[in-house]
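Trainee: These protein sequences, in sequence, are chains A and B.
Every position in the first sequence, counted from 1, becomes a number in the working numbering once 69 is added.
Every position in the second sequence, counted from 1, becomes a number in the working numbering once 197 is added.
Everything hinted at is true.
Partial list, derived from the structure: chain B residues whose beta carbon lies under 10 Å from chain A:
| hint | residue |
| --- | --- |
| 1 | ALA273 |
| 2 | GLU276 |
| 3 | MET282 |
| 4 | MET298 |
Okay, derived cross-link-like pairs now, SDA-like style, lysine to any residue, Cα gap no bigger than 25 Å in a straight line:
| hint | chain 1 | residue 1 | chain 2 | residue 2 |
| --- | --- | --- | --- | --- |
| 5 | A | LYS234 | B | GLY555 |
| 6 | A | LYS75 | A | LEU366 |
| 7 | B | LYS445 | B | GLY409 |
| 8 | A | LYS396 | B | THR391 |
| 9 | B | LYS306 | A | ILE265 |
| 10 | A | LYS396 | B | GLN248 |
| 11 | B | LYS228 | A | GLY393 |
| 12 | B | LYS307 | A | ARG131 |
Pair ranges (Cβ atoms, derived):
| hint | chain 1 | residue 1 | chain 2 | residue 2 | range |
| --- | --- | --- | --- | --- | --- |
| 13 | A | ALA397 | B | PRO558 | 30 to 36 Å |
| 14 | B | GLY528 | A | ASN216 | 49 to 55 Å |
| 15 | B | GLY223 | A | GLY86 | 55 to 61 Å |
Because the hints were derived from the structure by calculation, they are not lab data.
No residue lacks a Cβ here, since even glycine has one placed at the ideal position from N, Cα and C.
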Amino acid sequence: MLRLEKRPTPSRFWSWGTPVLAVALTMIAGGMLFALLGKDPFLAIKTIFWDPLFGEFAWYLRGQLLVKAGPLALIAVGLSLGFRAGIWNIGAEGQYIMGAVFGAAVGLAVYPTESRLIFPVMILAGAFGGWVWAMIPAILKTRFNTNEILVSLMLVYVAETILSKAATGFLRNPEGHGFPGSRSFSNYPAAHNPEIFAGTGMHWGVVAAFIAVIFCYVLLQRHIVGFQIKLAGQAPRAARFAGVDPNRLVVLCLGLSGALAGLAGVFEVSGPAGQISIDFSSGYGFTAIIVAFLGRLNPLGILLASLVMALTYVGGEGASTDLGLPKAAIQAFQGMLLFFLLGADLLSNYRIRFTLIGKETR
Amino acid sequence: MKRRTLLATAALALGMTVGGGAFAAGMDHVKACFVYVGPIGDGGYTYQHNQGRLDLEKALGDKVETAYQESVPEGADAERVLTQMALGGCNIIFTTSFGYMDATNAVAKKFPDVKFEHATGFKRESPNVSTYNARFYEGRVVQGTIAGMMTKSNKIGYIGSYPIPEVLRGLNAYYLAAKKVNPDVELSVIWAYTWFDPAKEADAAKAMIEQGVDVIAQHTDSTAPLAEAAKTPGVIGFGQASDMAAYKPSPRVTSTIDNWGPYYIKRVQALLDGTYEQTDSWEGIASGEVEIGEITDALPPEVKAAAEAARDAIADGSRHAFTGPINKQDGTAWLADGQTPPDGDLLGMNFYVEGIKGDIPQ
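Could you put the whole structure together from the sequences, leaning on the hints where they help?
Mentor: In structure tokens form, the structure reads like this:
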């Protein structure tokens, strides 16, 4: 019989080695999958991991990596705070959508006024939208002890419904011939989030992601709140004795992650997406959960992980068009990454013991 | 940073010349690329576009090379996929869903030598963007005729995707045709807010059947509603976009088939010949772009005859799906006796016709 036994001190090396190992294992298993599909596995892996960085069109695709990684990092960094404290915000997708809807609503409400204040106010509105959406599970948890995983997840579907209402109703472009979708922000300079340097993919959302990473790093390393977060996650009882108020921590962590997800939403809607549309939600909020764990819940790790994840998306698109790989194979490939990470994690924290049935060794 | 921008611009220009070539003089070889909104195995809308691509390969042999990408979200990602395709040397790119409209036009501006063909949209912002569509609503007349004659409960249903003109046209045409043969008929509508989501589509069908609806038409892409109808004897439905022949002879009693092959062949051939021009194409049953699938013997002979008569009358032009007098839902006049609408009215249709209950979601 197989039995898992917790290792007394998990290896420091392996806690950072597992993500690398997971990526390597994903390449091998993914390569086998691609080979079974009748494609050249080496070419496929090269198309996914090498071409976007150093291939013929890398000058365009590198920027796109930032576009894709920006919102992932922004959301994941926020989520990691809660995850460290044992507060599970699974509904970042909903907070991301609400941030976009709030921010876009503010921008569109004053259309076509030109003022430098519009964009900053939109950003604040976006952060507020995400924060409000995260406060619902936070308050329900602190008041009625509901499960924040369920509540935040269910609110994603509510947010999606509000998004379709916005696209077909209250934010619909009045000059759009009745088609769904809001006005385009690229035609409204005061509310547009353009590339700061043309062709680099660097927009304000990417800048915000970098700032958030630094902010969270400092918070975790140098601030009392960071200490409380870590303590609450590792030893909840000890944290309570040390005077950490669990309710305050729930409100803080959910609020911060909600606001950051909301920020990602408003930067995305005013920049790369360009408008509120029915299909605006693209799963960033869910993918960010993978990114947070791939990055070891560490801000700097998350930055790297978001770039790796972006690579699988952008490279995956290339592999899909150039090699005719089915979309599902690319998604399976991304899924493998999380699978191998969790598997390798388990083995670095636990050791497997073989025992005979009925004969406990202890 | 300036140098990088310069480099990027230079490379972009290079990409365009590589991707382009001399058009007016014709070409020896064309790379045609396709962007699909769903998986090619959806058995419906995307499947038919992919069949069109395969027809193109078959017809033009080694003069054409094709590539495609499936399940591309209708948002920020579409723009990157299109850019990657244009950079990768595609000469003509077919974007096969409404939601790619802005992305298609944005990328087309950056690649003036690549031809873009956008399905079901209306924006042609630069000379290299053409639009094409099929008069699917003509097929709804056949379905509506069958629905009106076959329903025992006088309740017929329509699973809509999004309340956009494309879908409202089909819905109104279906209802008008049903009412013509059965003045007591009532239409219930469910908006699924998706093009392809078998679970949601099945739920919609289930809800309708529970309300007593016994004929279900769908404007979504999967076969799930038919699978649901098959569970209840006496409930019938129609193949949408593809023949969905697996559900013959009942519940699938006939189908509307999108036949894109001839259009794709025509356009790529024009590119090869050097006769390519910007167009806005909208063909229907008469030209074969919209096909009516086999009308099965599960229908009584008189119903089958009426359905065939409706099909033939539309093909020879003696019947139009919208022939006055028709009022809008609120009672205001739309078409006078004997009048048929201009295409502009059809393209921007944003209302229910008189007799349909409920509101279009706003």
